[in-house]
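Student: Position 158, counted from 1, in the sequence shown is what UniProt numbering calls 158; the numbers after and before it change by one each time, with no gaps.
Treat the hints with caution; some may be incorrect.
[As the list claims (entries may be wrong)] Here are the simulated distance ranges between beta carbons:
hint, residue 1, residue 2, range
1, Asp135, Leu46, 31 to 41 angstroms
2, Glu4, Lys41, 18 to 28 angstroms
3, Ser142, Glu4, 39 to 49 angstroms
4, Asp135, Ala42, 36 to 46 angstroms
[As the list claims (entries may be wrong)] Below, simulated DSS-like cross-link-like pairs (lysine-lysine); rule was C-alpha separation at most 30 angstroms, straight line:
hint, residue 1, residue 2
5, Lys203, Lys41
6, Lys53, Lys41
7, Lys53, Lys81
8, Lys174, Lys139
9, Lys53, Lys203
Keep in mind that the hints were calculated from the coordinates and are not lab data.
Computed from a predicted model, the values in this text were never measured in an experiment.
Note that CB positions come from ideal geometry on N, CA and C, so glycine has one too.
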Amino acid sequence: MAEELVFYTNPMSRGRIARWMLEETGVPYRTEIMTFGGTMKAPEYLTVNPMGKVPAIRHGDTVVTECAAICAYLAETFPEKELAPRPNERGSYYRWMFFAAGPLEAAATNRALGFVTPAEKSRMAGYGSFGDVMDTLEKAVSASPYIAGDRFTAADVYVGSHIGWGMGFGTFEKRQAFADYLGRVTNREGYRRATALDDEVMKQMQ
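Sequences are here, hints too, so could you generate the full structure?
Tutor: Shown next as structure tokens:
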């Protein structure tokens with residue numbers, strides 16, 4: 001008997017990234033919708049994620065939090081879906097997934113909060129400057145059709161989601177290379193299914 005896969009999320013959160021990844025795998029899962037300041041902070045859920053945040057997944061006895069980790073875990077756990085990197089793709093796959101989880105998210109968050117790293121202290125920030133991050137990301141998405149090479153992988157779910165959110169909320173610069181890459185990675189049935197599911201949950205919540 002297959003181990004149950006439970007997805008804890010809220011459609012107004014980074015849970016949309018994990019939802020997209022789940023839909024790309026095509027494996028069955030059960031969704032638990034969590035509320036901000038409510039069920040996310042309840043003792044029961046804090047045993048899943050002590051941070052009291054979503055998304056998280058429980059696969060049998062295994063719990064995984066953090067979107068990048070969820071994407072990587074699902075790709076490796078269901079290899080038949082071919083979303084994990086092949087040997088020649090591993091360098092780019094892990095490089096850009098962790099770049100998005102680290103420098104990219106930090107730079108975008110600080111920008112959204114109105115924080116600008118003083119030029120003389122840029123070496124203290126892991127990402128240097130916001131401009132450095134945007135230039136580096138542009139080069140990454142322009143080097144090949146997908147972030148790890150010529151085919152779609154779980155890293156595209158993660159990097160593509162960041163670009164989609166950043167351009168949508170104005171925390172990223174709207175560069176043509178970003179728009180072109182985003183168009184490629186979101187032109188997929190998995191993305192459309194995930195978006196439709198989360199949009200429907202949002203309607204129900206309202």
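Student: Each hint: holds or not?
Tutor: Structure-based check of each hint:
1. For Asp135 and Leu46, the Cβ-Cβ distance of about 40 angstroms falls inside the hinted range of 31 to 41 angstroms, so the restraint holds.
2. Roughly 24 angstroms separates the CB atoms of Glu4 and Lys41, a value that falls within the hinted 18 to 28 angstroms.
3. Between Ser142 and Glu4 the beta carbons are some 41 angstroms apart, a value that agrees with the proposed interval 39 to 49 angstroms.
4. Between Asp135 and Ala42 the beta carbons are some 43 angstroms apart, a value that agrees with the proposed interval 36 to 46 angstroms.
5. The straight-line distance between the Cα atoms of Lys203 and Lys41 is roughly 23 angstroms, inside the 30 angstroms bound, and the hint therefore holds.
6. For the suggested pair Lys53 and Lys41, the alpha carbons sit about 8 angstroms apart, so the restraint of at most 30 angstroms is met.
7. Taken as a hint, the Lys53 and Lys81 pair is honoured in the structure, with Cα atoms around 28 angstroms apart against an allowance of 30 angstroms.
8. Taking the CA atoms of Lys174 and Lys139, the gap is about 14 angstroms. The hint holds against a cut of 30 angstroms.
9. Simply put, Lys53 and Lys203 have alpha-carbon atoms about 21 angstroms apart, close enough for the 30 angstroms limit, and the pair holds.
Consistency with the previously given hints is maintained throughout, with no hint failing.
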